[in-house]
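**Student:** The residues making up each chain are set out below.
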Amino acid sequence: MNASEITKKYYRADKLPHIWCPGCGHGTLLNTVVRAIDKLGLNKDDVCIVSGIGCSSRASGYLDFNTLHTTHGRALAFATGIKHANPKLHVIVITGDGDASAIGGNHLIHAARRNIDITTICFNNNIYGMTGGQYSPTTPIGDFATTAPYGNIDKPFDLCNLAQGAGASYVGRGTAYHAQLMQKLIENGIQNKGFSFVEGLSLCPTYYGRKNKKGSAVKMHTFLKDHCVDKKIVDKKPEMAENKIIIGELYNNQKPEYTDNYKVIIDKFHNY
Amino acid sequence: MTNKKLLQNLDWCKGCGVCVSFCPKRVLEIENEKCIIARPDDCIFCGMCELRCPDNAIYLQGGK
Numbered sequence: 040m041n042a043s044e045i046t047k048k049y050y051r052a053d054k055l056p057h058i059w060c061p062g063c064g065h066g067t068l069l070n071t072v073v074r075a076i077d078k079l080g081l082n083k084d085d086v087c088i089v090s091g092i093g094c095s096s097r098a099s100g101y102l103d104f105n106t107l108h109t110t111h112g113r114a115l116a117f118a119t120g121i122k123h124a125n126p127k128l129h130v131i132v133i134t135g136d137g138d139a140s141a142i143g144g145n146h147l148i149h150a151a152r153r154n155i156d157i158t159t160i161c162f163n164n165n166i167y168g169m170t171g172g173q174y175s176p177t178t179p180i181g182d183f184a185t186t187a188p189y190g191n192i193d194k195p196f197d198l199c200n201l202a203q204g205a206g207a208s209y210v211g212r213g214t215a216y217h218a219q220l221m222q223k224l225i226e227n228g229i230q231n232k233g234f235s236f237v238e239g240l241s242l243c244p245t246y247y248g249r250k251n252k253k254g255s256a257v258k259m260h261t262f263l264k265d266h267c268v269d270k271k272i273v274d275k276k277p278e279m280a281e282n283k284i285i286i287g288e289l290y291n292n293q294k295p296e297y298t299d300n301y302k303v304i305i306d307k308f309h310n311y
Numbered sequence: 053m054t055n056k057k058l059l060q061n062l063d064w065c066k067g068c069g070v071c072v073s074f075c076p077k078r079v080l081e082i083e084n085e086k087c088i089i090a091r092p093d094d095c096i097f098c099g100m101c102e103l104r105c106p107d108n109a110i111y112l113q114g115g116k
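From first to last, the protein sequence lines stand for chains Y and F. My numbering puts the first residue of the first sequence at 40, with every later residue one more than the last. My numbering puts the first residue of the second sequence at 53, with every later residue one more than the last.
Be aware that a few hints might be false.
[What the hints assert, rightly or not] In silico DMTMM-like cross-links for lysine to aspartate or glutamate, where the CA-CA straight-line distance does not exceed 20 Å: (1) Y:223 / Y:269; (2) Y:54 / F:63; (3) F:57 / Y:269; (4) Y:48 / F:63.
Calculated directly from the structure, the hints in this document are not laboratory data.
With the hints as constraints, model all of the structure from the sequences given.
**Tutor:** Take a look at the structure:
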């Protein structure tokens with residue numbers, strides 16, 4: 040299927056163009072999500088896209104699946120309910136760095152702890168874009184934001200380490216520049232029976248970029264190109280990881296899944 | 053000879069210039085804050101513009 044057919048089939052084309060700023064990485068990342076779903080050949084009715092609040096979370100409105108645009112940070116809580124109500128659905132959560140790790144931080148770690156079969160895709164642009172450029176839990180130390188005019192002093196979260204530490208069974212990191220890798224990680228995440236966390240490093244030329252003099256969207260894409268290294272390369276040559284962001288499949292370990300375990304309990308009662 | 057075509061939906065183009073910069077054959081240009089296909093004969097149909105466009109505004113169509 041070519042790109043315009045994919046757009047027609049999976050997007051609500053009457054809602055386009057989307058509200059994201061020129062050059063925003065979210066559009067590219069959203070395309071990787073759609074291409075991954077198309078590659079896997081999933082039926083549109085078997086997919087449910089859930090999102091919270093923020094720039095990233097506008098995504099659900101542009102997609103023609105079962106979609107749910109929920110309250111701030113609570114996408115995973117709603118998604119957990121959907122998965123329980125209909126375990127056959129492929130539940131995909133599209134969230135942002137603030138939505139997933141600040142307002143919804145507890146939902147993230149507990150969904151990961153339970154290893155519930157939800158694929159969480161976090162568009163990480165290092166800032167709260169929609170509300171005017173406040174620093175988020177992933178803004179690097181020393182970087183500027185409207186609420187950090189003298190530089191941010193908070194240590195940022197490594198979202199992938201957080202998800203892995205909390206118990207996710209599949210963790211990967213791609214970027215808006217490494218779109219093919221990102222698509223592959225999402226495909227693997229959807230196929231993984233358990234909690235999958237895929238972080239997509241995005242770019243915000245309007246707030247994060249302008250506040251930190253990162254230049255145009257093109258320059259920010261080039262930054263991602265030059266500063267990321269695949270885990271497969273780091274495994275062979277650990278010295279390559281110096282001052283680089285590690286991307287690729289970071290963790291993959293099968294564990295018992297939550298709705299399966301829940302069904303075992305339900306079945307016990309059916310047998311009484 | 054390929055029967056692929058490079059097409060645009062200019063209503064969706066925001067003129068960010070990402071496709072222009074990552075085109076390996078420098079086929080595209082920005083004119084009046086929109087992307088234009090300035091040198092269509094140079095296009096090798098690699099699909100880099102389509103892959104990187106955040107707005108689904110440029111795409112390839114046609115067979116192999």
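**Student:** Could you check the structure against the hints above and give me the numbers of any it violates, in ascending order?
**Tutor:** Of the numbered hints given earlier, the structure breaks just one, which is hint 3.
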